[in-house]
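Just remember that my numbering sits 5 ahead of the position in the sequence shown, which is counted from 1.
Just so you know, the hints here were simulated from the structure itself, not pulled from any lab data.
Cβ coordinates follow ideal geometry from the N, Cα and C atoms, glycine included.
Check before you lean on any hint, since a few could be wrong.
Restraint-style ranges between C-beta atoms, simulated for each label pair [as the list claims (entries may be wrong)]:
no. : residue 1 : residue 2 : range
1   : S196      : W176      : 19 to 29 Å
2   : R178      : R141      : 22 to 32 Å
3   : K272      : S196      : 23 to 33 Å
4   : S57       : Y244      : 42 to 52 Å
5   : K250      : A222      : 20 to 30 Å
6   : S87       : K248      : 38 to 48 Å
7   : Q81       : E230      : 38 to 48 Å
List of simulated lysine to aspartate or glutamate pairs, DMTMM-like, C-alpha gap at most 20 Å [what the hints assert, rightly or not]:
no. : residue 1 : residue 2
8   : K204      : D131
9   : K211      : E153
10  : K248      : D220
11  : K204      : E133
12  : K272      : E230
13  : K250      : D139
14  : K248      : E230
15  : K204      : D47
16  : K211      : D131
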Amino acid sequence: NSERTFSIQGRTFSHIVDPRTGWPVAQTLSATVLAESAATADVLATICSVLSPDESVLLVESIPRAACLIVTANGQRHASASWPGERLSALPSFPGETVASVQPAGVATSTTESRSRETGHEMVVDFEIRRSEDDRRYRRPYVAVWVEDKDGYPVKTLSLFLMTNDPGPRWHRDLRRWYSDEQVRNLAEGSDLIATVSKPTRNPGKYSVNWDGRDNAGKLIAPGEYTLLIEAAREHGTYQLMKHKFQFGGKSFEETLKGNVEIGSAKVKYEQRGN
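Use the sequences and the hints to build the structure in full.
What follows is the structure, encoded as structure tokens:
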């Protein structure tokens, strides 16, 4: 989940503005949406952050194979009739389904918290997309964050920023390592992560993703050695790949990774509850 907020005189404000008032939204703590595509889930989650909970539920229930959970600032929960309750470990529940969460107040989503409580594992990856000195030729980079097992198989894509509309797809392969991994994974699993997981490219700034230790199919991975990878490729820029090996199921740790011209800084924190 990426978080984008503004701090003014010590107060945190959402990056989402209610067009009816011109003010950042404040009534919604989190909006989590299930839908058949990443684009649909993303749009609905943003809309649900602006509308009232009742309006949000009515909207989502009018869309086939969509569901939502809204948590208001006072802690009240509003779910659509098709929301699968607290069985979040079972998501996604149908082929191609994706989850999008928006946190207007810049706090962690109930989805992430519930899933990490269920598995007993949580990894948080914070990274910063660096601003280029040459603003005239600047293009927002493609960025992928994922986890490979010891054999190099991509068990989970955590974040994927790229263009899916023309002419964007011609440059997907510029994410050399992730794209190569994805061809292998697609053959093995038969699902298109670009269609279901990707989000639009992002402006320079700080971003954060969370992982509960589940693979692309929603199953908890086995203990052992894995590698976290952060890859960035930018038109008129450079190609960069960051790697960090870790033991899943081992001791909790926190590491700062060496930055580069595209990803200025990165930090990974892993916790195993009870360890």
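Margin query: Need the status of pair K272, E230: alpha-carbon distance at most 20 Å?
Written below: holds, 19 Å
Check: Holds or violated: are the alpha carbons of K250 and D139 at most 20 Å from each other?
Finding: Status violated; Cα separation ~33 Å.
Next item on the list: Could you see if the CB distance from K250 to A222 stays within 20 to 30 Å?
Entry: The hinted range 20 to 30 Å holds for K250 and A222, with Cβ atoms some 23 Å apart.
Next item on the list: Given the hint of 22 to 32 Å, check if R178 and R141 actually sit that far apart at their C-beta atoms.
Entry: holds, 26 Å
Next item on the list: Given the hint that K248 pairs with E230, test it: the Cα-Cα distance must not exceed 20 Å.
Entry: holds, 13 Å
Check: Does the alpha-carbon distance linking K211 and E153 stay inside the 20 Å limit?
Finding: Measuring from Cα to Cα gives roughly 23 Å; hence the hint is violated.
Next item on the list: Would you mind confirming whether the straight-line C-alpha gap from K204 to D131 stays at or under 20 Å?
Entry: holds, 17 Å
Check: Under the criterion that the straight-line Cα-Cα distance not exceed 20 Å, is the pair K211, D131 satisfied?
Finding: Judged against 20 Å, a Cα distance of about 7 Å means the pair holds.
Check: Does the Cβ pair S87, K248 satisfy 38 to 48 Å?
Finding: Holds, since S87 and K248 (Cβ atoms, about 40 Å apart) stay within the stated range.
Next item on the list: Return holds or violated for the Cβ distance of S57 and Y244 against the range 42 to 52 Å.
Entry: holds, 45 Å
Next item on the list: Compare the distance between the alpha carbons of K204 and D47 with 20 Å, and conclude whether the hinted pair is satisfied.
Entry: Holds: K204 and D47 sit about 8 Å apart, inside 20 Å.
Check: Should the hint that K272 and S196 are 23 to 33 Å apart at their CB atoms be regarded as holding?
Finding: Distance hint for K272, S196 holds at roughly 30 Å.
In the structure shown, a violation is registered for the earlier hints numbered 9, 13, in ascending order.
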